[in-house]
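S.K.: Each residue of the sequence shown is one higher than the last, beginning at 1 in our numbering.
For the record, the hints were derived by calculation from the structure and aren't laboratory data.
Check each hint, because a few of them may be wrong.
Stated by the list, open to error - Label pairs and their calculated CB-CB ranges:
#1 Thr121 with Thr81: 34 to 40 Å
#2 Leu4 with Thr81: 31 to 37 Å
#3 Ile88 with Leu129: 34 to 40 Å
#4 Ser69 with Phe46: 32 to 38 Å
#5 Leu129 with Ser69: 30 to 36 Å
#6 Ser12 with Ile51: 31 to 37 Å
#7 Ile54 with Leu4: 18 to 24 Å
#8 Thr81 with Ile43: 26 to 32 Å
#9 Ile133 with Ile43: 19 to 25 Å
#10 Ile54 with Ile88: 33 to 39 Å
#11 Met80 with Thr131: 29 to 35 Å
#12 Asn2 with Tyr127: 26 to 32 Å
#13 Met67 with Lys44: 35 to 41 Å
#14 Ile87 with Lys44: 28 to 34 Å
Glycine included, each C-beta is placed from N, C-alpha and C at the ideal position.
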Amino acid sequence: MNILLFIMNMLSFLIIFTNHPIMMGMIIIIQTFNIAVIMNLMIKSFWFSYIIVIIMLSGMLVLFIYMASITSNKMMKPSMTLMMTSIIISYMITSTLTIYNNKTWLLMTINKMFSSSNNLTMTMIIYLLITMIIVSKIVMINKGPLRSK
Numbered sequence: 001m002n003i004l005l006f007i008m009n010m011l012s013f014l015i016i017f018t019n020h021p022i023m024m025g026m027i028i029i030i031q032t033f034n035i036a037v038i039m040n041l042m043i044k045s046f047w048f049s050y051i052i053v054i055i056m057l058s059g060m061l062v063l064f065i066y067m068a069s070i071t072s073n074k075m076m077k078p079s080m081t082l083m084m085t086s087i088i089i090s091y092m093i094t095s096t097l098t099i100y101n102n103k104t105w106l107l108m109t110i111n112k113m114f115s116s117s118n119n120l121t122m123t124m125i126i127y128l129l130i131t132m133i134i135v136s137k138i139v140m141i142n143k144g145p146l147r148s149k
């Protein structure tokens, strides 16, 4: 569980410093799979994490197709100092999380996830709805910025 939290923290810090949209999409997809595995370990039921992965991958597929059609073909250059900085910071955060009792932390996160407000579900639904509306408005046949003209 600590390794998964370490990877989640590292990817969160890494996405801040990326400047290529395809790399950002790949980090978000890896982060989605990581969160799905963590949720599967915490809840012991794979359905909720499976639905989250399917929803996020479908939204990311739409964004990936759009970004791949409009971005330039520049090479992505990995930065070793950035990678080392994100590893060190995420290690420090993960090591402070192990101070707490794992069972208390697990019960606290499960209680937050199943609260009656359902903020996570509503945020995902609204995000995907807005993304679908924006992409369908941008990719009109007459006015779209795609290269199919």
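S.K.: All hints are to be evaluated individually against the structure, with a verdict given for each.
M.R.: Going down the list of hints, with the structure as the test:
1. Thr121 with Thr81: 34 to 40 Å: Between Thr121 and Thr81, where Cβ atoms are some 38 Å apart, the hint holds.
2. Leu4 with Thr81: 31 to 37 Å: 25 Å Cβ-Cβ, so the 31 to 37 Å window is violated.
3. Ile88 with Leu129: 34 to 40 Å: Holds - the Cβ-Cβ distance for Ile88 and Leu129, about 38 Å, lies within 34 to 40 Å.
4. Ser69 with Phe46: 32 to 38 Å: For Ser69 and Phe46 the Cβ distance comes to about 34 Å; the hint holds.
5. Leu129 with Ser69: 30 to 36 Å: 22 Å, violated
6. Ser12 with Ile51: 31 to 37 Å: The hint (31 to 37 Å, Cβ to Cβ) is violated, given that Ser12 and Ile51 are roughly 22 Å apart.
7. Ile54 with Leu4: 18 to 24 Å: 20 Å, holds
8. Thr81 with Ile43: 26 to 32 Å: Roughly 38 Å apart at Cβ, these two residues miss the hinted range, so it is violated.
9. Ile133 with Ile43: 19 to 25 Å: 31 Å, violated
10. Ile54 with Ile88: 33 to 39 Å: Taking Cβ atoms as reference, Ile54 and Ile88 lie about 34 Å apart, which means the hint holds.
11. Met80 with Thr131: 29 to 35 Å: Taking Cβ atoms as reference, Met80 and Thr131 lie about 33 Å apart, which means the hint holds.
12. Asn2 with Tyr127: 26 to 32 Å: The hint (26 to 32 Å, Cβ to Cβ) holds, given that Asn2 and Tyr127 are roughly 29 Å apart.
13. Met67 with Lys44: 35 to 41 Å: About 36 Å separates the Cβ atoms of Met67 and Lys44, which means 35 to 41 Å holds.
14. Ile87 with Lys44: 28 to 34 Å: Given range 28 to 34 Å: holds, Cβ gap about 30 Å.
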